[in-house]
Each structure stands twice: as structure tokens, then as C-alpha cells.
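For chain E, the structure is supplied; the task is to place chain U on it using the hints.
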Amino acid sequence: MRHILGVLVENQPGVLSRVAGLFSGRGFNIESLTVAETLDKGVSHITLVTTGDEMIMEQIVKHLNKLVNVIKVIDFREVKFVDREMALIKVKAEADTRAEALRITNIFRGKVVDVCQHSFTIEVTGDEGKIQAILDLLSQLGIVEVVRTGKVAIARGRKNSTKR
Amino acid sequence: MKLTGAQIFFECLKAEGVEVIFGLPGGVLLDLYDEMPKHDIRHILVRHEQGAAHMADGYARATGRVGVCLVTSGPGATNTVTGIATAYMDSIPIVVFTGQVPTALIGNDAFQEADIVGITRPCTKHNYLVKDVRDLARIIREAFYLAHSGRPGPILVDLPKDVINTKTEFKYPKKISMKGYKPTTEAHMGQIKRAYTAIGKAKRPMIYAGGGVISSNAAKELKQLGEQLRCPVTTTLMGLGGFPAPHELWLGMLGMHGTFRANMAVGNTDLLIAIGARFDDRVTGKLDEFAPSAKIIHIDIDPTSISKNVKVDIPIVGDCQDALKKLLQLVKESPIDDLEKVRKPWLDQIQKWKETYPLAYEQKDNLIKPQYVVEKLYELSEGKGIIATEVGQNQMWAAQYYHFSEPRTLLTSGGLGTMGYGLPAAIGAQAAFPDRLVIDVAGDGSIQMCIQEMITAVENNLPVKVAILNNQYLGMVRQWQQLFYEKNYCATCLKIAPDFVKLAEAYGALGLRAHKPDEVESVIREAFASPKPVIMDFVVNPEECVYPMVPAGAAMTEMLLA
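Quick mapping for you: the protein sequence lines, in order, are chains E and U.
Read in order, the letters of the first sequence are residues 900 to 1063 in my numbering.
Read in order, the letters of the second sequence are residues 3 to 564 in my numbering.
Extracted from the complex, chain U is given alone in its bound form:
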């Protein structure tokens, strides 16, 4: 039977198990949206296409499935670019479908035409312009496969109007054959053995895990490995939740705003076991002085991540979970002798660092400390929330003080650092898990970048809880100005601000505010009890800084502590 491109589109999505699309229609997509009500698929109408891309991304991070968004040509498509780049930097599987002007008009500067395939080439894992409806099913199949396999990432598929309304025979391809795409998923056993030999010799080993542990669902294996090697574990921002925070071997996050003990451990380790992490500059600081006395083992599915900026001694290309399972097998077959005794001095040293400079702040009774708000959110949600963050100080405090224990519970723009990400990402996660508590830890700056999606949350009964740590500044930039630019607070003051409580009410959400520390708990309780989306406006200490802090370009052990 012959189907139109629009029908094929929905048949393919059904075959891929897609349950929800985040989208916004437009001229060239009218045939697609006309077809939509005939199919059993949920569509969440966004108010700006950037929101659609972030929602698909938040949905993907929280579920591990591929997130899908659908937007029109031209500005609809270009509005997704920030969302696509965000997903690309953090290796998040999303498929973005964009409408396009009819093939005959492409290149003619037609109304609402943009070369979105050209524009997104450097920020997608791969992208397609479908020129012939006969290729549509194959391309959609490939798009989903590419998005979630290997190192995951965003895929864009551009759909010209005539492709959408032309008919062809439909057959969903069972097999995929792409000559140039064969990711290495199985870790090489020889390299695993070399790694284990090095681990056996190490006195002060540590594990440095990243987002790869989350995307390969390897948190269980990571915990086992840490425990069986008696090896302390740090993670990157992207890896938080990959190892349980209350654990005795937990070092906290490392890097620019990492814990004292995690960064000191990196400075002193003799074997760094990097798992699904990419040695980002916010993690390494000054490259020459990063893990100066360590041999480095690096497990990653993407060969380009290995030896990109830090020379690796034992590279292992493969899926993190596969590599960890193989390592665990070796540990089982030939355990390390006297493990407790061998590790004791190292673990004692780490304990000393932990006691010297723990993460800390002092909550007095006048001004609310933002860290206190995050700790209260942790406490009152019993650590079971899904936490989205915006970007800046709010993000770092969420990372430091919400003690993540489960993978896929932190949704944050780690690589691109996209302000405005948190609210739509929270909405995406809430769409997947209507019964879970989803919180967006926000700043008064970032929340205004995608605030329009509040109405999307209200319309779709997605009761996300937004906690604004309102310091009346673009706080992280202000912090840098305070520390490195003699307090020249140029263009960072946000004192002229909307009334967030009234704004919430205008959207039909609940608005709450706390001025005093003793109001924090009751505001959070009321927000959690409400069936509605909520904005909590916490008026916090305006000049609070995130510590520890490693100044840009300094060695990781050179931390500002207060």
C-alpha cells in the first residue's frame, strides 16, 4: 500500500517506540500535523523551538531513550540549534525533525527557508536532508540508530514539504547497513588485562568517571568495581549519580568547583582510571599539572576522546559497561593480595583531606544561603527527585549539595553550559515520569531564558517545581568579576527583575517566595504538595560565591577555598 511521507513518518515513529513528540507546527509541516491526530502519539506543544529541543534532551537523559522534537522550517529550525549543540556536547540521543521548503525551492531563498543541514553539520552527530520520499523510512531508521548507538548524539532530519505529501510504498527496513558507521562497543581483552596489571601495581589509584557511565547504564558495575578494588571514585558533573554520593569511597565531583579531596586526590594519584569522561578543561585545569604522577587508563567508546588533550597510557575503546564487566571478571579471577592493607594509607590520606576542607557554608538567620536551599530540597525530596539545573552558580550548588545517588537524576548542560536549559529539560523529564518529583534548580538569570515554557508545563499538567536561587545577579559571571576583575560588576546586575511569584500566577502556576531562612522549608513543602507547576523564588545572599574554585588555567590543587 502506498503511504504519504506524513503517514510514513508516524509509522516509523511507532516502529521506534516513540511515545511523545515535543514540537511546534508551521507552514511546511501542515500536512504532517494534519495527519497527527490519526496516530496514537502524544504531542507536547512548546512555545519556542529551543524549548522543544531541550525537552527532548531532558526526556532522553531521564529515560535513556531517544527524545524527539518536530519543528518547522527556517526560524523554527534555527531556534533548535542551541538545543542541538547542547545535546551534542553532552552526547545525548535526540532526533530533531525539521520542516523544509519544497525541494524545488531549496536554494531559492524561499519564505522560511534555512540551510539547517548546513547550519547544524558541526553540532550534530549526523544529519540528513530527505530529497526523495522513498528514502524517508530508511533515513528515519538510521537516524534513531545513530542517535543511541556508539557515542550517542543528536541527529537532524530535514523534511521538505513535497516529501511529506508524496506517496510511496512503505516498508520499514529491518536491517541497517551503513558502510562508514561501525562503532567499537566491545573492549579489547588484551588492553583490559594491561589495565588490570597496572591496577594491581598501583598504590594510590582513583576512578574518574563521566557521563559515559550514565549513557552506557554502567552505574552498577562502577560501584562494584570501586568496592572490589577499594578504589576511591570521583565523577565529572555529567557523571553525577553514576556513583552513590553517601558512599565511603565517594570523593565528590572533581574540577573547577570540585571538592578539595577529589582535586587533591587527582594531584596525588599514581593511577587514574578514566571511564567515559573526556578530560574537559573544567576538569583538568592546567594540563601539564593534571594528575602529574599518574599512569592513565582511559575507557571510552569514542576513540577521538582518547589522548585528545591528555596523553593516555592504556587506551581502551569500547562501551563502558562492557569494559567494566570484563574488568570485574578479572578482579574475580585474580583478586589483589592484601587489598585492605595496600589501600589503607591512601584512603587514610583522603579521609584527612575530607576532614580538612569539607564542602561547607554557614547559614545564619538573616539571609538565605543558596546552598541551604539545595540541601533542603535534597532533604525534603529524600534525595529522590530528578534535578534539572540551569547554568552557573545554581548548577554548581546543585551538583555540590544535592547528593545524587541514582543515574539519570541530574539533567544539566555540562559541555555547552546552556542557560535556559533547566526548565524545558525538567518538563521533558516530567512528561516521561508524571509521578516523579522533578525540580529545576534555577538562577534568576537563566530561568528567564526559557521562561515561556511555564505555560507548556501548565497546559500539559506537568507539575515541575522551579527553585530560583535569586541573587539578583548573573551570579557566576559576577563571581569572576569579584575575584578577578576587582568587583567591576559590569552588566551582571539583575536588580530590575520581574516579580516571579506574580509571573507564576500569570501562567496559571503557583508562585511562592521565601525571604528568610526559616521560610525555606515551608515554601518547599508547599511546592512539593501542590499538584501544579510551581515557581519558588528564594531571595538569597546576593554575593555568595561557589567554593572551592580553581581559577581558569591553574592546577587542580590550587583551589580558592573561601
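Only chain E is shown next, with the shape it has when bound in the complex:
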């Protein structure tokens, strides 16, 4: 099973390496990982997508908590949440396909962020299903390159789940 974890860490050199090293050293998987500062500059938030059964997930959460620089782990199995990722997609756009590329982009509420003679670069944000859907459609036109951010997730409701 795939799961999303939010990990609040002290913003110090080497922290990412501790988290990544934990996963590689113990044979856990990382499917995607994003990291950036929070409102508190001393604290960063990592959104991490991983896979494992109940026993492995329990171990992952415990091991993350055990790292001295980890302040809190949010297990999104336990809360309702919204998750998004962004993709930048470079798609072929020749005279006969430009209109179709634009139409698909509009349907998915994407934006064209770069245009050149033979291609568009499209920015699109959404959950995994939406990103996959636009990729499927655009692939008929010819995708040159894709860069994706990996998921970010936040708990629903008014509470700040990163409060400690």
C-alpha cells in the first residue's frame, strides 16, 4: 500500500540525508519526496510518499520519530487531507496540433508557461489522477519531456496539523 507522510524537521544541514539514509539503510521505499521551509524558518516540511504493509508503516513512522532532528510525523492515513503535485510538460506543438494542445491545457486548467516554434511547456497542478490523465492525452501529441514535483499534502480542516 502507498502512504503519504508529512515530516517536520529542524532546518539543519544533513537532515535530508538522515531521512533518506534511514529509508535506504532499512530497506524502506521512497516514491517521492518534497521539502521546503515552513512559516517558521527553523523548520522544514517534508512530504514523503512511501509503500509498505501495516507493520512496515509502523516501523517507518517510529524510525522517523526516533531521528533527533525530526520534530513531528504526520501520518496521513489517520487524517483527511488534500494532496497535489505539479508537472511541467513539454509537448510537441506543430501547426496541426497546437490548437488541440491548448484545448487540453484549458480543460485541465493548466497554463502555457513557455512557447517556442515546435513546442509548448505546460504547467499543470492536481492530484495524481489528474496529472496522469493529462499526460495520457498529451502523449498522443508527443511529449518531449516531463518534470514532476512529487506530492505535497496538507490536512483538511482549520487545525494546523504541523503544530507540536
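It is possible that some hints are incorrect.
Facing chain U, according to a computed beta carbon distance under 8 Å, are these residues of chain E, among others [to be verified]:
no., residue
1, 917
2, 919
3, 928
4, 961
5, 968
6, 969
Non-contacting residues of chain E with respect to chain U, defined by C-beta distances greater than 10 Å in every case (computed) [said to hold, decoys possible]:
no., residue
7, 902
8, 908
9, 935
10, 940
11, 962
12, 982
13, 1022
14, 1029
15, 1034
16, 1056
17, 1057
None of these hints come from the bench; they were simulated from the model.
Each residue gets a CB set at the ideal place from its N, CA and C atoms; glycine is no exception.
Just chain U, lined up with the frame of chain E:
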């Protein structure tokens, strides 16, 4: 007043109550060593940095205090890695200070530069690179706190040369605030009650205790609990000394080379009470068949140890001593009815197992049996020695035949299985207890891995007694080759060996040898009487095996007995 990093270093060590440092200087540490004579701290100069880490570790195991070592950058630092990993696997509190090239040169492949923080990240509890002298006091404070609190472990602090010689205002921080580090030490009362209910219902309970009992100083409570529940007790290798071996409820060690009765008890118990142990593969054997009919209670300070490889029914996170005290309180408040009667069939069964296959060997009058040497060491030291071991057969015989009764009297590399650990660990313990008898039970293979520290023992008047069970083989590997590889003794023969007696003499120590069983006692007596470090070379039966033995991957009840 402004102090240099070097001065701050020694002020911090003083504040932490450090009395001895095991170390070896080098280029980037010159300012620190220049400062050292001005401070009231003992420095023991090692001959290889691995020795420094093991000495700090042996000191920590024997005393319960944090062991400290100090080594230079690059190779000095990398040489400690085995020692750090050893301490990490066995949860031993040490702080390793490593020199580092100046901050401006870090990352430039400077002379004697190594990314030791990167290298030791997976084998330390936590580590630090001090980039600013203003952080130094706080980091040292945190390092000592992290080393001994929660589940103890090694901490590494990397000290660049410019940090050591830059000045700043010094104030030793009183308080520690680490957002991400708050170990659970108090056991949850609700879980304790659930555990006690299960204990009340059990017919065939047993206690399986590990190193956590030693590190939380809970041996007294463990004994009380065993007695008040009339519950037999086994321990892991790391837990030996946590429960007195001569006790009627003592099952002996369990696991791959555990006693017949301990392993049979695990196979038949209906309630396994695990205390400060981590269900290591050398203890569980085949996981599916480990304690197959038992409910499992697990007390441990580290949540990651719980349900890691064996599913636990009643987890209790907390310090072992706290949990045991709470359990004892419940026993006092509501004792179990008819305890003697309820336990009798189970204890009778255990007695039968004990009589069927006790630990045994036969000492004939030609070749010395290694087990006999260990029993003689036990007898002649009146069980009061601090025993360090190397790793392999010597370690298992020491575990089986030196009947440990006090905690912190066995220093052994349980988790990592580090050959070469014993001699430096013994030296570390002897530095803490100059008047106690400290013995390293060694093999002819392992002793050669840190033999250079003999001169450290001689120089510092640390009269450790090394007992080499010399079978002219890497004995444990040879045993596996004998049993599972048709006696294909590939690369395990050590017949070309140094003369250990002459070697001892070359170091300025005393060298003694026994060829015959009737020489064993006199050699040991002479060694114990000597004020010097001693190497005893016992020429033992070359093809002796350690039994019982559970083959790797088999169930614990499938033991080879001879």
C-alpha cells in the same frame, strides 16, 4: 571571559564529570592537546583509534557512565568507525570527538580530511559537525545528554581546527532544549495493568531480559519480579549479569548457543515477558516458530524495537526500571493466588529439561578443554571478575561457563560481533576500576585484531589478564565449516601464529602458557597474582565446538547438542 574552543572543550568535559579520555593526537588536534596538560583530566594514549573507541565503550559498560574518546581527522576518525558501530548495536553511551580540517577547507579533499559525519550517520545515535565555536558548548552538552538518555548510544562530534582555536564567550548551558528529542521513559500504567492481567492468567510464563535491564540499572527489580512471580528467567548475551546465574529460577542464556532448558522453555511458554531485549535473529531463530504458543509482553524504551520482527501483544514503551517498579507495585497490591501450586508443573518441567541436557563437557587429561579454562577463571576469580570477551567461540564459552551474577561484569560485542573488542574494552574497564580483576577471554584469532593495545595497558599500569583459548583456528567459522560445509576448513587455520608468550614479553607484559589441563590452574593463579598485564596462552583442543547450537534459520527447539 573569552575562551578558545580548546578551553571550552575541557571546561565542558569537566562539567560533565569526565575523568578519562582515550585518545590519539594528530595535526588538527594540536591546539587541543596543547591545552590538555592545564586541565585535571586523565588521557590514555592508545596505539590505534579503534582501540580508543572500544576502551571508551568498555569503560561505559563497566561503569554506566559516558565513555569519551578523542581522535584526529581523516584516518583517525575513520579508524573509530568499527568501535562506534559496536557501541551503536549494543546501545552503549560514548561520545567520540574527532578533529576535522578547518571549516574553510571542508569539502576540498584537504590533507587528512574525511566526511566522518556522513560516514557515521547510520551508526551513531546522532552526530554533529561544529561549524561555529559559539555552538560548541551547547553541542557538547547535547552530545552527553543524548548519549546516556533514552536508548543510549554513541554520539560523534566533529571539531574543525579553526573552531578549536577561535575564542568566544563561554557559558555552559544549564538547560537542554531539543524539539525533536523527547524519549518516553515512564511506562504507561494502563499497559502495565494489561500486562499484569496477562501474567495472572499465564500457566507457563517466562522472562526474557536483555541489555536494557543492564543499561537501566534494573537488575535488582528483575530479580524481585522473577521471585515474586515465581517466573523463570533467561537473558540474552547482552543481559547476562542482569539476573544471578546461581539462582533456582535461572534458565541460562537463550538463543543460538543458549541452554537446552532456556530454548525449550521459549518453545513451550504461554507468556513471554520481554524486557529490554530486541528479538535479535540469534535469539529467535526461525521467526514463525519462535515462542509459538505465547502471548508476548514487550517492555522497551525504544518504540522501534517493538513489533520489529515479532508481533507483540502488549507493548510497553518506557525505561525498564520504571516499568518493573510499576509491575512490582501491582504484584504487591494484588498477589496471584496459589502461586506455588500454579507454577509447580511448569517449574518441574524446566527442572526435567535442566537434568536431561545440562551444559557439559568432559575434561580428560590430555588436551585442555576451553570450557574448563573458563570455569577455572570463574572459580579462581570467585566470580568477581569483570569479563571482556572477543568474538566467536571464546565469547560463547565465556557466556556459558562464567556464571555472571552482577550487572556490568560482562563486556562483549553482542550485536555487531566485533573481533578485537575484548582487549581494549578490558583496558577501558580497568582504567575505571584499577583494583578489580579484569579478564579478557580471547581467541587466538580475535586477540590479534587489537593486540597493539597491550602496550597501552603496560604503559598505564592497567593489569588486564588476557586468557587466549588458543585452538589455532578462527574457531567459530571453523565450527560452521565442520557442521555445514563438510569440514572444508578454507582460510580458517591459524597454525602459523606468533608466540604469544614472547609477544607478551616484548610488550613488557607477563606471558604464560599451559599445554596440559593440570597446568591451567597454576597459570591462572600466577596471572592473577601478577601486578602486570598478562597474556595466558591456553593451548586447547583445536576442534572443540560450542554446544548446544541452533543452526541458522532453524527453530529454537531444534538444537544440536553434541
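Now for the hints, and whether the structure bears them out:
no.	hint	verdict
1	917	holds (6 Å)
2	919	violated (10 Å)
3	928	violated (17 Å)
4	961	holds (4 Å)
5	968	holds (5 Å)
6	969	holds (5 Å)
7	902	holds (17 Å)
8	908	violated (8 Å)
9	935	holds (18 Å)
10	940	holds (14 Å)
11	962	violated (5 Å)
12	982	holds (24 Å)
13	1022	holds (35 Å)
14	1029	holds (35 Å)
15	1034	holds (37 Å)
16	1056	holds (24 Å)
17	1057	holds (24 Å)
Hints 2, 3, 8, 11 from the earlier list are contradicted by this structure; the remaining hints agree with it.
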